[in-house]
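Going line by line, the protein sequences match chains A and B. Quick note: the first sequence, position 33, residue 33 per my numbering, numbers continuous. Position in the second sequence (from 1) plus 120 gives the number in my numbering.
Treat the hints with care, since some could be wrong.
[As the list claims (entries may be wrong)] Short derived list, chain A residues pointing at chain B, Cβ under 8 Å:
#1 GLY32
#2 ARG48
#3 SER50
#4 GLY52
#5 THR53
#6 ARG56
#7 ASP80
#8 ARG82
[As the list claims (entries may be wrong)] Now the in silico label distances, taken between C-beta atoms and shown as ranges:
#9 ALA880(B) with ARG60(A): 40 to 48 Å
#10 LEU505(B) with ALA104(A): 46 to 54 Å
#11 LEU540(B) with THR43(A): 48 to 56 Å
#12 MET517(B) with ARG60(A): 24 to 32 Å
#13 ALA104(A) with LEU150(B): 33 to 41 Å
#14 GLY117(A) with LEU505(B): 51 to 59 Å
#15 LEU203(B) with ALA110(A): 51 to 59 Å
#16 GLY117(A) with TRP123(B): 34 to 42 Å
To be clear, the hints were calculated from the coordinates, so they are not data collected in a lab. Every residue gets a Cβ at the ideal spot worked out from N, C-alpha and C, and that includes glycine.
What follows is each chain in one-letter form.
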Amino acid sequence: MAYSPDEVTALLPLPPATFHILLAVAHDDRHGYAIIQDIEQRTGGELRLSAGTLYRSIQRMLEQGLLNETTERPAPELDDERRRYYRITPFGAAVARAEARRMAGLVDMARAQGLAGRRA
Amino acid sequence: MSWPYRVLLRLYPASFHREFGRELEAMFALRQRQTSGAAAAVALWIGAIWDTASSALAAHLDLLRQDLSYTWRTLTRSPGFALTAILVTALGVGATTAAFSVADFVMLRPLPFKDPGSLVRVWGAKPQYSQYELSPPNYRDLKAASHSFAAMGAFHPLDANMLGEGPPRRLTGAAVTTDLLPIFGVVPEIGRLPSDQDGINAVVLSYALWKDVFAGRTEAVGQSIVLDGAPRVVVGVMPARFHFPSRQMQFWLPMPADELSDADRTNFWFQAVARLRPGVTLEQARAELSLIAGRLEQQYPKEDSKLGATVYRMQDGFSDQSRLLLLGLCGASLCVLLIACVNLGNLLLARAMIRHRELVVRTALGAGRERLIRQLVTESLVLSLAGGGLGIVIASMSVPLLSRLVPTALPIAGTPEVDLRVLLFAGVLTGLTGLAFGVLPALRASRSVGFEALREGARAGGGQRARLRAALVIAEVMASVVLLVGAGLLTRALWRIQATDPGFKTEQVLTLTTTLPLTRYQVVAVRQQYYDRVLGAVRGMPGVSSAAYITWLPMVMGGGIWPVLIPSQAAAPGEDRPASLRFTTPGYFQSLEIPLLRGRDVAETDRGDQPYVAVVSASFAKQFWPGQDPIGRRFSLALSERTVVGVVGDVMVRGLERTSEPQVYVPYGQAPDSSLIGYIPKSLVVRSSVPTDRLLPQIRAAVNAADPEQPISDVRTLTEIVESVTASRSVQAVVLAGFALIAFLLAGIGIHGLLACAVASRRHEFAVRSALGARAGAIVGMVMRQSALLALGGIIPGIVLAWAAGRALQSLLAGIEPGDPLTFGSAIALCAVMTLAGSLVPVLRAIRIAPASALRGE
Numbered sequence: 001m002a003y004s005p006d007e008v009t010a011l012l013p014l015p016p017a018t019f020h021i022l023l024a025v026a027h028d029d030r031h032g033y034a035i036i037q038d039i040e041q042r043t044g045g046e047l048r049l050s051a052g053t054l055y056r057s058i059q060r061m062l063e064q065g066l067l068n069e070t071t072e073r074p075a076p077e078l079d080d081e082r083r084r085y086y087r088i089t090p091f092g093a094a095v096a097r098a099e100a101r102r103m104a105g106l107v108d109m110a111r112a113q114g115l116a117g118r119r120a
Numbered sequence: 121m122s123w124p125y126r127v128l129l130r131l132y133p134a135s136f137h138r139e140f141g142r143e144l145e146a147m148f149a150l151r152q153r154q155t156s157g158a159a160a161a162v163a164l165w166i167g168a169i170w171d172t173a174s175s176a177l178a179a180h181l182d183l184l185r186q187d188l189s190y191t192w193r194t195l196t197r198s199p200g201f202a203l204t205a206i207l208v209t210a211l212g213v214g215a216t217t218a219a220f221s222v223a224d225f226v227m228l229r230p231l232p233f234k235d236p237g238s239l240v241r242v243w244g245a246k247p248q249y250s251q252y253e254l255s256p257p258n259y260r261d262l263k264a265a266s267h268s269f270a271a272m273g274a275f276h277p278l279d280a281n282m283l284g285e286g287p288p289r290r291l292t293g294a295a296v297t298t299d300l301l302p303i304f305g306v307v308p309e310i311g312r313l314p315s316d317q318d319g320i321n322a323v324v325l326s327y328a329l330w331k332d333v334f335a336g337r338t339e340a341v342g343q344s345i346v347l348d349g350a351p352r353v354v355v356g357v358m359p360a361r362f363h364f365p366s367r368q369m370q371f372w373l374p375m376p377a378d379e380l381s382d383a384d385r386t387n388f389w390f391q392a393v394a395r396l397r398p399g400v401t402l403e404q405a406r407a408e409l410s411l412i413a414g415r416l417e418q419q420y421p422k423e424d425s426k427l428g429a430t431v432y433r434m435q436d437g438f439s440d441q442s443r444l445l446l447l448g449l450c451g452a453s454l455c456v457l458l459i460a461c462v463n464l465g466n467l468l469l470a471r472a473m474i475r476h477r478e479l480v481v482r483t484a485l486g487a488g489r490e491r492l493i494r495q496l497v498t499e500s501l502v503l504s505l506a507g508g509g510l511g512i513v514i515a516s517m518s519v520p521l522l523s524r525l526v527p528t529a530l531p532i533a534g535t536p537e538v539d540l541r542v543l544l545f546a547g548v549l550t551g552l553t554g555l556a557f558g559v560l561p562a563l564r565a566s567r568s569v570g571f572e573a574l575r576e577g578a579r580a581g582g583g584q585r586a587r588l589r590a591a592l593v594i595a596e597v598m599a600s601v602v603l604l605v606g607a608g609l610l611t612r613a614l615w616r617i618q619a620t621d622p623g624f625k626t627e628q629v630l631t632l633t634t635t636l637p638l639t640r641y642q643v644v645a646v647r648q649q650y651y652d653r654v655l656g657a658v659r660g661m662p663g664v665s666s667a668a669y670i671t672w673l674p675m676v677m678g679g680g681i682w683p684v685l686i687p688s689q690a691a692a693p694g695e696d697r698p699a700s701l702r703f704t705t706p707g708y709f710q711s712l713e714i715p716l717l718r719g720r721d722v723a724e725t726d727r728g729d730q731p732y733v734a735v736v737s738a739s740f741a742k743q744f745w746p747g748q749d750p751i752g753r754r755f756s757l758a759l760s761e762r763t764v765v766g767v768v769g770d771v772m773v774r775g776l777e778r779t780s781e782p783q784v785y786v787p788y789g790q791a792p793d794s795s796l797i798g799y800i801p802k803s804l805v806v807r808s809s810v811p812t813d814r815l816l817p818q819i820r821a822a823v824n825a826a827d828p829e830q831p832i833s834d835v836r837t838l839t840e841i842v843e844s845v846t847a848s849r850s851v852q853a854v855v856l857a858g859f860a861l862i863a864f865l866l867a868g869i870g871i872h873g874l875l876a877c878a879v880a881s882r883r884h885e886f887a888v889r890s891a892l893g894a895r896a897g898a899i900v901g902m903v904m905r906q907s908a909l910l911a912l913g914g915i916i917p918g919i920v921l922a923w924a925a926g927r928a929l930q931s932l933l934a935g936i937e938p939g940d941p942l943t944f945g946s947a948i949a950l951c952a953v954m955t956l957a958g959s960l961v962p963v964l965r966a967i968r969i970a971p972a973s974a975l976r977g978e
């Protein structure tokens, strides 16, 4: 589906939960609980989304077209039929990239003022 | 164990729950499996409850935000609909709230005293008077002999002049027995109630007077004020809500012992209050008092002849007329609320017809039924809330206007406040109407999803809803007939009362009160000097044609009644022949233009050392000397025998709606010093062609010159006094007429809306008919028939209901029949005109339908 750069920037800045969810499904389709675990792992336990926060974010992201629900499911022995699996859309990926650029720009500005460490 | 969590998930909006409920459940089940130990399980549950509650709230708020912005868009797209709906709701809520707030304030709310249900007023009773003051011995006997009461106390109204900073002031108060105030069980704001040890030099102030004179300082207790020249020590201040016997009260003085022990059984000037003993009913107390009064009548057959005694609940201390005026108002406001609800329903139904397609399409596109309903609920609630809010504004603006309907005789404050409970009731009722008529269409639309519904096109809605709308319009017409007739009857009654000749000419007469304090004016000759000086000055003012002093003005005071004895006529046993007594200076009849029919006015020469004379009214002469010349006849009244020297026209002493006793006027000087002190002339009447604002300063100067310590109070024109007699009626008639007008307009709008819709949905049919050669007249006839049916359907039951309402209000109608043909005829004619006006535009539209374009449009 085609989208314009305006539609991308209209969603910025993203709420942190939304950004993290996009990161969690950037390469793999995941169900809700897997998303929570992925985020927790990646942030070293710093961000632990509650179920309610997660699904309210997912609902909004589905409406905004950042996520899709996928019909592809894992092998039945690994699956729970009540689960739903979410996949990032091209639009979602574009929004995530734009948000990352926005934040990188901010960090650059901070660095120029001596308020952030050297690039690793 | 997952069912508690499933229940918890119900907190989410249904759409969210449907989409994610099972997933959330699965996740919770997984977490439960991963948890071990009781503490961890408890922590998991607490976390889940907190998370669900807060997320569900946020999800609901999200939806609300969406729905509100959608509502805003749809309502601003049809501002006419939105404004009408809001106004209709506001009128209904506002009218009902205002009317019921006043009614509740007067009739239902307990008086601000301790255990108000057992507080009663004790009255004497005579054949023509249900509430007669008591004579002091009467009071003492009733109090001593009765067992129904836990306590009883007496008082009499008493005005006093207060000197202080600024001009002297006239204060309204009462002299009370020391056992009176404790009966109310009200603790003074500061200080204490007077006791027997205080003697007569104590005073208790009203809250307002305390704020006024002492600026609310607590040191007021123990300080003195000068009332009628005598210093009085303030012993206490009553709280702000204490108003007894009426809201004008400013002070209470202990009653002097000689007043309480007064032995005169024929002078009725005490009023009494009592508290029923626990377990004693009003009827038992009445029975006991009647029994005692019967014994007293046997004991004092002359003085206590035909004198009964009775009690009334203090809460009921206002007239049946006040009650009926308020009930009429409440009934009318309910009609307005009904019409408002009906109209709101009608508006929403009409809108639903228009939006039917939109709703069907949205349902077909997958909008969940719950989301659709939720959205319409939001829309209805927004309309109701906006209407209710405006209704509060209307109510709070109109409640002060209605405060003239609060009887002055009640011991409560004069201005009611908007009643929150009533407001809530009216708001909930209109809210429910909004919900019912807003949501039903959504339910129908979501049920009728499918090809058929989408294909329905312009004829969407169907006959059932049209019939419902017709029923609503008929109800509106009915209610507006009832209101029109009610308002018409009461207005006719008001006009008839206002057209009553009071017996005097009200125009160009200024009145005011100067009550002479007995401390300095006990001697008749001293009073005479005062009157001479003031009247002499006033009569000499440019533009003044006459001026006089009299005891009381007609309609301000109806009492002062004495039995008449004619030396040559023995009264039949038990026959009471009362007359009202006034002391006056010369010039009173001239000032009020009361016609002098025979003989002469009282004269300056009718002093105390001259033979006692009197001027009587025509009805007095007719009653006692029918067909004879009354001049020179003698009669006894108020402790002395007098000779008739003149006959004047009768005046309506007791207002425009009550018959008055015959009147007796006697010269102001013909009474012994310190006798009949209540009758000392205090009302000044001035007939003048000069406007009040120019005349009043001159009169003030004249009074000040005669006595610099004499305050002036109650400055009013005679016209104002007569108008105030019908003020509560006028207010009610105006309000009812307003209600009727609103109802009338709404019904007209209702008829118009329904017919317009009907014509629109029959476009096709009319087009076919006219294409087939039907004449315009035939199509007009079809539309008009429908409108006539609506009108008749409402008018016929409306007439029946209006007649019933008129019967209920009959005692307010001043002789106008409840089935007054003129009123009914006018109401019906108005409804016919309204029907015609309402159908005009739809009819024109119907005959202008061009067959070709209408048929092509399909």
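Each hint tested on the structure:
With 8 Å as the threshold, the beta carbon of GLY32(A) comes within range of chain B, its nearest partner Cβ sitting at about 6 Å, so the hint holds. Because the smallest distance between the Cβ of ARG48(A) and any Cβ of chain B comes to about 10 Å, over 8 Å, the interface hint for this residue is violated. Of the supplied interface hints, the one on SER50(A) holds, with its beta-carbon coming within about 4 Å of a beta-carbon of chain B, less than 8 Å. At a threshold of 8 Å, the smallest CB-CB gap from GLY52(A) to chain B is about 3 Å, leaving the interface hint in force.
Checking THR53(A) against chain B: minimum C-beta separation of about 6 Å stays under 8 Å; hint holds. The interface hint given for ARG56(A) holds, since its Cβ lies 6 Å from the closest Cβ of chain B, which is under the 8 Å cut-off. Interface restraint check: ASP80(A) against chain B, minimum CB-CB distance 5 Å, threshold 8 Å, status holds. Because the closest C-beta pair between ARG82(A) and chain B is about 4 Å apart, less than 8 Å, the hint holds.
Between ALA880(B) and ARG60(A) the Cβ separation comes to about 42 Å, which falls inside the hinted range of 40 to 48 Å. As the Cβ distance of LEU505(B) to ALA104(A) is approximately 47 Å, the hint placing it in 46 to 54 Å holds. The hinted window of 48 to 56 Å between LEU540(B) and THR43(A) holds, with their beta carbons roughly 52 Å apart. For MET517(B) and ARG60(A), the Cβ-Cβ distance of about 45 Å falls outside the hinted range of 24 to 32 Å, so the restraint is violated.
Our hint of 33 to 41 Å for ALA104(A) and LEU150(B) holds, since their Cβ atoms are close to 36 Å apart. Checking the proposed 51 to 59 Å range against GLY117(A) and LEU505(B) shows it holds: the Cβ atoms sit about 55 Å from each other. For the pair LEU203(B) and ALA110(A), the beta carbons lie near 53 Å from each other, so the given range of 51 to 59 Å is met. Taking 34 to 42 Å as the suggested C-beta distance range, the pair GLY117(A) and TRP123(B) does not conform, at roughly 52 Å.
In the structure shown, a violation is registered for the earlier hints numbered 2, 12 and 16, in ascending order.
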